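Now for the letters of each chain:
Protein chains: 2
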Amino acid sequence: MNAVNIIQPQSGAAFELKKGDVLTVIDPKGQQVSDMVVFNRDDTKEKLSAGKTMDFEESILLTKGNFLWSNRSRKMMEIMEDTNGRNDFLLAPCSPETFKIMYNNPDYHPSCLINLYRNLQPYHIEIDDIPTAFNVFMNVQFDAKGKLKVLPPTSQAGDLVRFKAEMDLIVALTACSAEDSNGGTFKPIHYTITHRD
Amino acid sequence: MNAVNIIQPQSGAAFELKKGDVLTVIDPKGQQVSDMVVFNRDDTKEKLSAGKTMDFEESILLTKGNFLWSNRSRKMMEIMEDTNGRNDFLLAPCSPETFKIMYNNPDYHPSCLINLYRNLQPYHIEIDDIPTAFNVFMNVQFDAKGKLKVLPPTSQAGDLVRFKAEMDLIVALTACSAEDSNGGTFKPIHYTITHRD
Chain A
1 MNAVNIIQPQ
11 SGAAFELKKG
21 DVLTVIDPKG
31 QQVSDMVVFN
41 RDDTKEKLSA
51 GKTMDFEESI
61 LLTKGNFLWS
71 NRSRKMMEIM
81 EDTNGRNDFL
91 LAPCSPETFK
101 IMYNNPDYHP
111 SCLINLYRNL
121 QPYHIEIDDI
131 PTAFNVFMNV
141 QFDAKGKLKV
151 LPPTSQAGDL
161 VRFKAEMDLI
171 VALTACSAED
181 SNGGTFKPIH
191 YTITHRD
Chain B
1 MNAVNIIQPQ
11 SGAAFELKKG
21 DVLTVIDPKG
31 QQVSDMVVFN
41 RDDTKEKLSA
51 GKTMDFEESI
61 LLTKGNFLWS
71 NRSRKMMEIM
81 EDTNGRNDFL
91 LAPCSPETFK
101 IMYNNPDYHP
111 SCLINLYRNL
121 QPYHIEIDDI
131 PTAFNVFMNV
141 QFDAKGKLKV
151 LPPTSQAGDL
161 VRFKAEMDLI
171 VALTACSAED
181 SNGGTFKPIH
191 YTITHRD
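For the protein sequence lines, the chains are A and B, in the order given. Per the working numbering, the first sequence starts with residue 1, numbered consecutively. Per the working numbering, the second sequence starts with residue 1, numbered consecutively.
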């Protein structure tokens, strides 16, 4: 058994993976979202690219068999397993401005962007350089005209997405802070890392 | 009459706009795509964000009345007019790897990413820092499962998209180099700039 790492509600974590390591992101209670960003461990100017991923995978939704690509057109991760089946890159990580502008809430509110940034500080990544995240378990619905709507995730307790690292990586993950992403509840995210033999 | 600036087929241009200036991007022959990236003129770490734009505008497709947003959650441009009505952020600018990986072409091929980069060199913007572009006139179709398909643009000769700068900006534009974006033809893009009174 691999140790289960717990990301508390409305918080985040960052860690390194070696090429070949397997990361499993788990929704332990159901209906929670995790934002994930990924950087090349040896050169953090190379990072996850929403546009390159949708381009090479020819899909807005990404699931088992799809790869996540970098801004240098290289594979960063492979999705090996996905028991829920809804993940995308459509919306940027919630930020302080998300709550001011979209929720009309002028007060302090935790956010994925700040949680990603704080956890990435040991790796000297600036907040402006955090890319659009891979939205694990997020249920963004779109109609034929492209209108977007965020619904509670379809994920149930224990659903998971498993990723294999295609290069040495820095990964940051959150347990999402936004009410709309998870049906108004805040829940933890769990993850495990299996090291390559 | 404002001077018409011509971007030759498979090339690009970069220029500055002052807050309030109006940029008109014109498809002079029809069925051509222009990739556009935008930076805050006074701090190029602030730049166009596909994720923030789709998030705040709640739409994959962007047209008249929509704003283009930065990675700092600020409005960069307003779309004032759009005679064609199909623009998106779904695919990253075509790059040398696009032609190697998706077109199975190992030889040299011009690309929007290199044309953006070369034209942005006077502004000291690194290639890794070029964001996913706003795909003006691009006809990316998606089905309910999110599968993507690039069709020739629906734009006809003279179609245009007009943008108002919401802050002082550096803008780079291309006449797209990719066969799939424009039905296998390569054509110019025209643009005009109207300065605020």
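Since the hints were made in silico from the structure, they are not lab data. Heads up, a few of these hints could be off.
What the hints assert, rightly or not - Partner residues aside, some chain A positions facing chain B, computed with beta carbon under 8 Å: (1) SER49; (2) SER59; (3) ALA92; (4) PHE99; (5) LEU160; (6) ARG162; (7) LYS164; (8) ASP168; (9) HIS190.
This structure is a prediction, so every number in the text was calculated from the model and none was measured. By construction, the Cβ of each residue, glycine as well, lies at the ideal position given by its N, Cα and C atoms.
Should the interface hint for SER49/A be scored as holding, given a Cβ-Cβ cut-off of 8 Å against chain B?
-> holds, 6 Å
Against chain B, run the beta carbon of PHE99/A and see if the smallest gap drops under 8 Å.
-> violated, 11 Å
Interface hint status, ASP168/A versus chain B (Cβ within 8 Å) | violated, 17 Å
Does the interface hint hold: is ALA92/A within less than 8 Å of chain B, judged Cβ to Cβ?
-> It holds, given that the least Cβ distance between ALA92/A and chain B is near 3 Å, below 8 Å.
Given ARG162/A as an interface hint, is the shortest Cβ-Cβ distance to chain B below 8 Å?
-> This hint is violated: ARG162/A lies away from chain B, its Cβ roughly 20 Å from the closest one there, beyond 8 Å.
Taking the closest Cβ pair, is LEU160/A under 8 Å from chain B?
-> violated, 21 Å
Have a go at the HIS190/A hint: is there a Cβ in chain B nearer than 8 Å to its own Cβ?
-> Status violated, d = 25 Å.
Interface hint compliance - SER59/A to chain B, C-beta minimum distance less than 8 Å = holds, 5 Å
Residue hint LYS164/A, partner chain B, criterion CB-CB below 8 Å | Since the shortest Cβ distance to chain B is 19 Å, the answer is violated.
Figure legend: structure checked against the earlier numbered hints; hints not met, in rising order: 4, 5, 6, 7, 8, 9.
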